[in-house]
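Here the protein sequences line up with chains L and C, keeping their order. Here the working numbering is used: position 243 in the first sequence is 243, and no number is missing along the way. Each number in the working numbering corresponds to the 1-based position in the second sequence with 254 added.
Treat the hints with care, as some may be off.
Cut-off 25 Å, straight-line C-alpha distance, at most; resulting in silico cross-link-like pairs (DMTMM-like, lysine to aspartate or glutamate) [unchecked claim]:
1. Lys79(L) - Glu439(C)
2. Lys399(C) - Glu89(L)
3. Lys412(C) - Glu185(L)
4. Lys274(C) - Glu356(C)
5. Lys399(C) - Glu185(L)
6. Lys285(C) - Glu174(L)
7. Lys31(L) - Glu439(C)
8. Lys73(L) - Glu439(C)
9. Lys158(L) - Asp483(C)
10. Lys384(C) - Glu234(L)
11. Lys145(L) - Asp483(C)
In case anyone wonders, no lab produced these hints; they're calculated from the structure.
Protein chains: 2
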Amino acid sequence: MISKNKKKFLSSLQQKKYRKKYAAFMGEGHKINYDLLTENISCLEIFATREWIDENTNILPEKVTEVTTAELKSISNLKSPPQVIGIYEIVDHDITAKAFSETLVLAIDGIQDPGNMGTIIRIADWFGIKHVICSEDTADLYNPKVVQATMGAIARVKVYYVDLPEFVRDYKNETKLPVYGTFLEGENIYGRELSEKGMIVMGNEGKGISREIEKLITDKLFIPNYPPDATTSESLNVAVATAVVCSEFRRRMI
Amino acid sequence: MISKNKKKFLSSLQQKKYRKKYAAFMGEGHKINYDLLTENISCLEIFATREWIDENTNILPEKVTEVTTAELKSISNLKSPPQVIGIYEIVDHDITAKAFSETLVLAIDGIQDPGNMGTIIRIADWFGIKHVICSEDTADLYNPKVVQATMGAIARVKVYYVDLPEFVRDYKNETKLPVYGTFLEGENIYGRELSEKGMIVMGNEGKGISREIEKLITDKLFIPNYPPDATTSESLNVAVATAVVCSEFRRRMI
Numbered sequence: 001m002i003s004k005n006k007k008k009f010l011s012s013l014q015q016k017k018y019r020k021k022y023a024a025f026m027g028e029g030h031k032i033n034y035d036l037l038t039e040n041i042s043c044l045e046i047f048a049t050r051e052w053i054d055e056n057t058n059i060l061p062e063k064v065t066e067v068t069t070a071e072l073k074s075i076s077n078l079k080s081p082p083q084v085i086g087i088y089e090i091v092d093h094d095i096t097a098k099a100f101s102e103t104l105v106l107a108i109d110g111i112q113d114p115g116n117m118g119t120i121i122r123i124a125d126w127f128g129i130k131h132v133i134c135s136e137d138t139a140d141l142y143n144p145k146v147v148q149a150t151m152g153a154i155a156r157v158k159v160y161y162v163d164l165p166e167f168v169r170d171y172k173n174e175t176k177l178p179v180y181g182t183f184l185e186g187e188n189i190y191g192r193e194l195s196e197k198g199m200i201v202m203g204n205e206g207k208g209i210s211r212e213i214e215k216l217i218t219d220k221l222f223i224p225n226y227p228p229d230a231t232t233s234e235s236l237n238v239a240v241a242t243a244v245v246c247s248e249f250r251r252r253m254i
Numbered sequence: 255m256i257s258k259n260k261k262k263f264l265s266s267l268q269q270k271k272y273r274k275k276y277a278a279f280m281g282e283g284h285k286i287n288y289d290l291l292t293e294n295i296s297c298l299e300i301f302a303t304r305e306w307i308d309e310n311t312n313i314l315p316e317k318v319t320e321v322t323t324a325e326l327k328s329i330s331n332l333k334s335p336p337q338v339i340g341i342y343e344i345v346d347h348d349i350t351a352k353a354f355s356e357t358l359v360l361a362i363d364g365i366q367d368p369g370n371m372g373t374i375i376r377i378a379d380w381f382g383i384k385h386v387i388c389s390e391d392t393a394d395l396y397n398p399k400v401v402q403a404t405m406g407a408i409a410r411v412k413v414y415y416v417d418l419p420e421f422v423r424d425y426k427n428e429t430k431l432p433v434y435g436t437f438l439e440g441e442n443i444y445g446r447e448l449s450e451k452g453m454i455v456m457g458n459e460g461k462g463i464s465r466e467i468e469k470l471i472t473d474k475l476f477i478p479n480y481p482p483d484a485t486t487s488e489s490l491n492v493a494v495a496t497a498v499v500c501s502e503f504r505r506r507m508i
């Protein structure tokens, strides 16, 4: 049974200010909870049906509350109520720009759509990008819609919110690595050399990369449309562009 | 002014059965209407503010109705009401498999999410794929959410709904071209040869390519995760995978 107070707490986690206050977020459904539990993300409580509990005894956290499907439905955001809802701890990771000098990192400059944000975390996970650095105005990772769109990748990719222009400046100074961004006037990404270490910046859905960050980009890339002289869409969706760029970086390393 | 009857008509276009009955669909906002009008898609009527009409005199269709922002808001699906809403004719194109023997075509096998569907049309447009063949259970192109997600690409890409297994069978027989699909057990797409002509099949969000179509695939491809032995997301979002695959085909042709 879920107490009235617990229900109130769960529903408060829809809002960023309460997620911050309680340092907690909610994940719904088997896939996401399975990934979070097996990656040892600190779990505060699991609400699940008897059936789910019985089938997942090997991954259960300390605190498990058995509930009915009807109860899960009453606290779920999903159209079809899940068998399990978990509450996990939000841990703030400290970072320094220098820590990323041996790897490829992704920086997100103001992406707003929760679906795009979650999809980008899933892309980072697929292409082995372990760290995603976000500007403070980027969609919140712990927004339930973002959590769902990550399809479990939230358990494996570390996401940081920082003063992005300041961070990119430090990153450049301390690592001397390239900072990539996509621009319509950029260089054809297919033909040029790409570094195995560096930063890839992806910008806001409508406005692209902000002026302040654009000044810090060392390598402007372009995903060519086909054929090059055709009238076509003005751009690709930002998650789609992120995937094509990450794929191009990794293609050369496989 | 929009009459009560017209409002009823517009609101009926939310539903597929009425879009079919009236052979009409609705596009909202400047970008989509601009693209549809300049690509000469047959426009039944435009509802727009005085300001929008004055700024777009060169592309206006025959029937233009001036309305207020409040009126547009009352018929719009968008959060921020658009300056213009247009009603366009749905034209059914007849096709034969043979017609696609000189090009690269995309086939969609049961994609359900309107956002994914629209994004895929936008991807096809970017990568110069002019024809998209869909199974009958694929999300309707003229669903307002799909129309919006195409960001105008709906004006340039031709989309057909067919009995897909039958169509793919005919296509193979008549063109002898390869039929590609992505599978976890497929071949690394980066390293292998890809034809300039052929069909790329993308499957349903959860179930992938259906059994019946899978039997017709001649070339199974795989987008490698990185590093190849890492625990990672189980798959990429289908629109994201479509983009990476299309990018790989076009990379070799630019």
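Status of the hints after comparison with the structure:
1. Lys79(L) - Glu439(C): violated, 32 Å
2. Lys399(C) - Glu89(L): violated, 35 Å
3. Lys412(C) - Glu185(L): violated, 28 Å
4. Lys274(C) - Glu356(C): violated, 31 Å
5. Lys399(C) - Glu185(L): Violated: Lys399(C) and Glu185(L) sit about 30 Å apart, past 25 Å.
6. Lys285(C) - Glu174(L): Roughly 43 Å between the alpha carbons, so the hint for Lys285(C) and Glu174(L) is violated.
7. Lys31(L) - Glu439(C): holds, 21 Å
8. Lys73(L) - Glu439(C): violated, 37 Å
9. Lys158(L) - Asp483(C): It holds: about 19 Å lies between the C-alpha atoms, which stays within 25 Å.
10. Lys384(C) - Glu234(L): holds, 16 Å
11. Lys145(L) - Asp483(C): Violated. Lys145(L) to Asp483(C) sits at ~29 Å, over the 25 Å cutoff.
Comparing the model with each numbered hint stated earlier shows that hints 1, 2, 3, 4, 5, 6, 8 and 11 do not hold.
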